[in-house]
Structure formats: structure tokens, C-alpha cells
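*Asks:* The listed protein sequences derive, respectively, from chains C and H.
Residue numbering for the first sequence follows our numbering, beginning at 5 and increasing consecutively.
Residue numbering for the second sequence follows our numbering, beginning at 10 and increasing consecutively.
Hint data in this document are derived by calculation from the structure and do not stem from the laboratory.
None of the values given here were measured: they were computed from a predicted structure.
The beta-carbon is built from N, C-alpha and C at its ideal position, and this holds for glycine as well.
One thing to keep in mind: the hints can contain errors.
[Said to hold, decoys possible] Computed far set for chain C versus chain H, every beta-carbon distance over 10 Å:
#1 Gly109
#2 Gly111
#3 Pro118
[Claimed, not checked] List time: in silico DSSO-like cross-link candidates among lysine-lysine, alpha-carbon distance up to 27 Å:
#4 C/Lys105 x C/Lys77
#5 C/Lys110 x C/Lys20
#6 C/Lys74 x H/Lys23
#7 C/Lys7 x C/Lys105
#8 C/Lys105 x H/Lys18
#9 C/Lys77 x C/Lys7
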Amino acid sequence: AQKITQTQPGMFVQEKEAVTLDCTYDTSDPSYGLFWYKQPSSGEMIFLIYQGSYDQQNATEGRYSLNFQKARKSANLVISASQLGDSAMYFCAMRENRDDKIIFGKGTRLHILP
Amino acid sequence: NAGVTQTPKFQVLKTGQSMTLQCAQDMNHEYMSWYRQDPGMGLRLIHYSVGAGITDQGEVPNGYNVSRSTTEDFPLRLLSAAPSQTSVYFCASSGGGQQGETQYFGPGTRLLVL
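Start from the sequences and build out the full structure, keeping to the hints where you can.
*Replies:* Okay, structure coming up:
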């Protein structure tokens, strides 16, 4: 069964607008971590933000924040004031601490329009 | 620090040939993993290791072997290449075993099997 679901294959957003990329997950492990990565057209994987399952507050890193709703099993990435350089593929990932596997979703391709 | 290195960057194989994709990290990370990335499929976990001498299967292990004789190296072996193994392969490493340890990715190896 798929454990990480990203329902938006592609998104188009106007520059300077905020963007929300959806991610839902499925696990029975009470201890897990959630990650977001960015992959620009050059191909490298860039870590953006991390949220632990026991963290009380939503994670933030600069313009990135993670909207963590544990009961809904969702971990949406919010990018504030989008920039042209934000155009890329974005991947949500989860690690279940019982086996240390890190599994990725299929990704969302974000296009920022000038 | 070189981080995570992968060789080769690009390889063409004929069906049935064997080869080894090399991965090395100089961060003394315990956790290493191999992913393949195909269009529309995101990153899929092939094999992973939580320390020297320990390996385990990921989501798509068939056709691939791994070993972890040292902390630094985690080679991926294709015993008999098939066209279905045409993909981009990423190696990654992290401190592992703790929440908050992000993965560092290598630059990837593009493999074409004819």
C-alpha cells in the first residue's frame, strides 16, 4: 500500500503568491519523521524541511513551513512569497523509526509564473 | 568533505550485462540507501543499510544486490541488466536512527539498458 500520497501532479502559481503542496501519509508507527525535498531541473535533491511525529509545533525554515496535521495524517508544505526559482519537483518523504526506511511520494511539479 | 559521491555519472549497458554502481560518503553516516527515479514514479527505495554488515530490502529490490562491508561504501550491483532497469539511480546517506536526520543525496547515475 502506498504510504506517501501527493495528489497534485502539477501546479501553476503566480510569482509572489503563497503555495501549498499536499502530502498525506499512512503509518501505524507512533514514531516517524516527515521530510520535504526539492529537485530542480538540474536533478539534485535538496532538503527543505523536517517534522518529527512528536514535535508540538509546525516546522519552519525561512519561506518554507510544514502544516502538520497529525490526526489527518497530512504534512503539507507551504511556500510563502513564491519566486521563479521555486519552480521544481517537490517530494514528500517519511521515515518510520521502527525500520528506518525512508519512502518518497511521487512528487508535485511546481511552476511559478512571472 | 566530498559528501556523497557516485560513479559513474552515466552508463550504457546491453541487456544481460552486469555492473556495479559505486557510492561513497565521508560523513561517517550509518544509514545509506539506494533509490531509482523514473518519470511519474518519484523515488523508489531499492535497498538500504543501517550500518556496516547490515542491509535490507526496500520497495523494489528485485534484480539488485548490495553489500556494506565498510561504513563509507555502499555499492549497488546489477547482476543481469534489463531494459526495465533504465533509470536514474540516487545514493543517499544520513546519521540515521534519530528523528531529524535528513538524507544527503549523491548527484545520481543515469543508466541506459539497451
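*Asks:* Determine for every hint whether it applies to the structure shown.
*Replies:* Hints and how they fare:
A cut-off of 10 Å between C-beta atoms contradicts the statement that C/Gly109 is not in contact with chain H; the least separation is 6 Å. At roughly 5 Å from the closest C-beta of chain H, the C-beta of C/Gly111 falls inside 10 Å, breaking its exclusion from the interface. Distance check on C/Pro118: its Cβ is at least 26 Å (rounded) from any Cβ of chain H, clearing the 10 Å threshold; non-interface status holds. Restraint check for C/Lys105 and C/Lys77: satisfied, since their Cα atoms lie roughly 18 Å apart, inside the 27 Å limit.
Straight-line distance between C-alpha atoms of C/Lys110 and C/Lys20 comes to about 26 Å, which keeps the hinted pair within the 27 Å bound. Only pairs whose Cα atoms come within 27 Å are accepted, and C/Lys74 paired with H/Lys23 is rejected, the gap being roughly 47 Å. For the given pair, C/Lys7 sits about 11 Å from C/Lys105 by alpha-carbon distance, which is consistent with the 27 Å threshold. Simply put, C/Lys105 and H/Lys18 have alpha-carbon atoms about 25 Å apart, close enough for the 27 Å limit, and the pair holds.
Taking the CA atoms of C/Lys77 and C/Lys7, the gap is about 11 Å. The hint holds against a cut of 27 Å.
When the structure is compared with the earlier hints, violations turn up for hints 1, 2 and 6 and for no others.
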